[in-house]
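Spelled out, the chains give:
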Amino acid sequence: MPATTGSPAPEIRKLQEISGRLRITIIEMIHKAASGHPGGSLSAVDIITALYFARMRHDPKRPDWPDRDRFVLSKGHGVPALYAVMAEAGYFPKEELMTLRERGSRLQGHPVNTMLPGIEAPTGSLGQGLSVAQGMALASKLDGGRFHVYCMIGDGEMQEGQIWEAAMSAPKFRLDNLTVFLDYNKGQIDGPVAEVMNIEPVADKWRAFNWNVLTIDGHDFEQILGAIDEAKATTGKPTLIIANTVKGKGVSFMEHQIAWHGTAPNKEQTEKALEELRALNALTGGRN
Amino acid sequence: MPARATRDAFGEALAKMGEKYPEVVALDADLAKSTKSEIFAKKFPHRFFEMGIAEANMIGTGAGLALAGKIPFICSFACFVTGRYDQIRISIGYAQANVRIVGSHAGVAIGDDGYSQMGLEDVALMRAIPGMVVIQPADDLETEGAVEYLCRHRGPAFLRTTRQKVERVNPEVYRFEFGKAVELRKGGKDAVVFATGGEVYFALQAAEQLAKQGWDVGVVNVHTIKPLDVEAVLAAAKRTRLIVTAEDHQIIGGLGSAVSEVLAEHGVGTRLLRIGVRDTFGESGTPEAVLAWFKLDAAGLAEQIAAALS
Chain A
1 MPATTGSPAP EIRKLQEISG RLRITIIEMI HKAASGHPGG SLSAVDIITA
51 LYFARMRHDP KRPDWPDRDR FVLSKGHGVP ALYAVMAEAG YFPKEELMTL
101 RERGSRLQGH PVNTMLPGIE APTGSLGQGL SVAQGMALAS KLDGGRFHVY
151 CMIGDGEMQE GQIWEAAMSA PKFRLDNLTV FLDYNKGQID GPVAEVMNIE
201 PVADKWRAFN WNVLTIDGHD FEQILGAIDE AKATTGKPTL IIANTVKGKG
251 VSFMEHQIAW HGTAPNKEQT EKALEELRAL NALTGGRN
Chain B
1001 MPARATRDAF GEALAKMGEK YPEVVALDAD LAKSTKSEIF AKKFPHRFFE
1051 MGIAEANMIG TGAGLALAGK IPFICSFACF VTGRYDQIRI SIGYAQANVR
1101 IVGSHAGVAI GDDGYSQMGL EDVALMRAIP GMVVIQPADD LETEGAVEYL
1151 CRHRGPAFLR TTRQKVERVN PEVYRFEFGK AVELRKGGKD AVVFATGGEV
1201 YFALQAAEQL AKQGWDVGVV NVHTIKPLDV EAVLAAAKRT RLIVTAEDHQ
1251 IIGGLGSAVS EVLAEHGVGT RLLRIGVRDT FGESGTPEAV LAWFKLDAAG
1301 LAEQIAAALS
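Chains as they are written, first to last, in the working numbering: chain A, 1 to 288; chain B, 1001 to 1310.
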């Protein structure tokens, strides 16, 4: 990917502005819920923002539109990022975001399709979403390739055997309408991925499984969009986009800190995080 | 009509339904020759997906196909596919995906291959998943009816088929009615046997033998184990002194448990005899020898029922 010089294109600026605001929403939601996963939500939000606001063919008013592109968040614990994006896109009222994890809320702790239109599959038991995304891609192929399927898996999730079953099968079916993001934030509950159960060499492994493999900075919108376009232009095989990300991205005391994998910030921490995020947004010219 | 395995009837029925229902697709995990999904595969190669020996991935892929509007039948041995429980629990169950899980090789009746290949806890596992229906046909006609029904049913379902041939128990003109138990032998002053799958024919034979000893034994075929035909159980409990369940499955969690729950919850004191595999593992042997060993053949059923009545 070429390095960006000068001021970014309007599309990039728009995406930066949106994800900057959504980071604030994510922190507010998790604080209000008093539980949730800020680290992996903040590492994923830029990619999900790029998909929903710049590339996916979807219609928030018609979540059951048969020809819509699908997004399956296999790392279901990152769902605050997806909820924030969906509300911003208009799938449901923004007020509902603050009901995250409440009894009776459609915003379950981990996503489920039967409760919230726009969620494509229930995830949260790691390793399963990629197979489900594959099934959707197969269905699309049966009907002439009407839609593209995007999936996001976590790095720790890649330790699940089922991921490798799907890694083996998607190229067999030549699913070039399947694009998978690896949210490679390098941390999982019990420690650094490299120590808990190293998944490297990731690119070599997936190339050996006959995937088209791209590596990007998962917080650089130009690279994210470029990779999506390259994946869509690739024929005959599925694409894995290894997105190097930062767990807790945007909040100084959360960045790279595994302790923030599944911990909600308290009042003071929330205030500090929001202050930092607002300052960042002001720098990039976004609204707060 | 010669006896046929319900797995054969399944494969043929699915191939037939493939014409009527263009959304029907099939997946298998390297057992298409055994589950008989290959009959569909030969007819509709582009609608069949060979997943290799990777049941978890097959389950998720089936869920994705269903969530995108297809009607997938995912096939393997009952033990292997239901053994990937969390995948079924979340990707199919929680999603309420229209997946039909087809588990063949039900019970000890597979014989030779031994316990590791026998579906013996599959019904218990599937019953526990919210919204999952559990169907086990007793003969070829009922299998065809069940498959046809499952092309129209909304929500996840488990279909259990046999490796062994089973005698036909239903009349030539038979209509499968989901959720409705079928009274095959009337009466039952002494006992009413609720049997399912391959045990239904044995139950009929056993009732015949017991009649010669002076016992009046009725037989009810439970092809839909979940949702259970509660009325049929309660009606039988009123007219008999012994309710019997017969299944080629563990007595824990299967039909026997389902019937006992109904009796207990309705305060019915009719005695219950659960016949099945009694909290133990299956064994190798010829199907006949193994069924006899576990007292799941006609003689075994008759012996246990007579002992309970005496």
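Each hint should be verified, as a subset may be incorrect.
As a list, the in silico DMTMM-like pairs of lysine to aspartate or glutamate whose alpha-carbon atoms are at most 20 Å apart [what the hints assert, rightly or not]:
#1 K1295/B <-> E1265/B
#2 K172/A <-> E1038/B
#3 K141/A <-> E1050/B
#4 K141/A <-> E1023/B
#5 K1226/B <-> E1177/B
#6 K1238/B <-> E1288/B
#7 K237/A <-> E1050/B
#8 K272/A <-> E255/A
#9 K186/A <-> D204/A
#10 K94/A <-> E200/A
#11 K61/A <-> E28/A
#12 K32/A <-> E276/A
#13 K141/A <-> D67/A
#14 K1180/B <-> E1208/B
#15 K1020/B <-> D204/A
#16 K1180/B <-> D1113/B
#17 K172/A <-> D1113/B
#18 K1295/B <-> E1283/B
#19 K205/A <-> D190/A
#20 K1043/B <-> D143/A
#21 K1165/B <-> E1050/B
#22 K172/A <-> E1208/B
#23 K1226/B <-> E1261/B
#24 K1238/B <-> E1265/B
The hints are simulated quantities; they were obtained by calculation from the structure and are not laboratory data.
(request) Quick one: which hint numbers does this structure break? Sort them smallest to largest. (result) The structure conflicts with hints 1, 6, 10, 11, 14, 15, 16, 17, 19, 21, 22, although it agrees with all the remaining ones.
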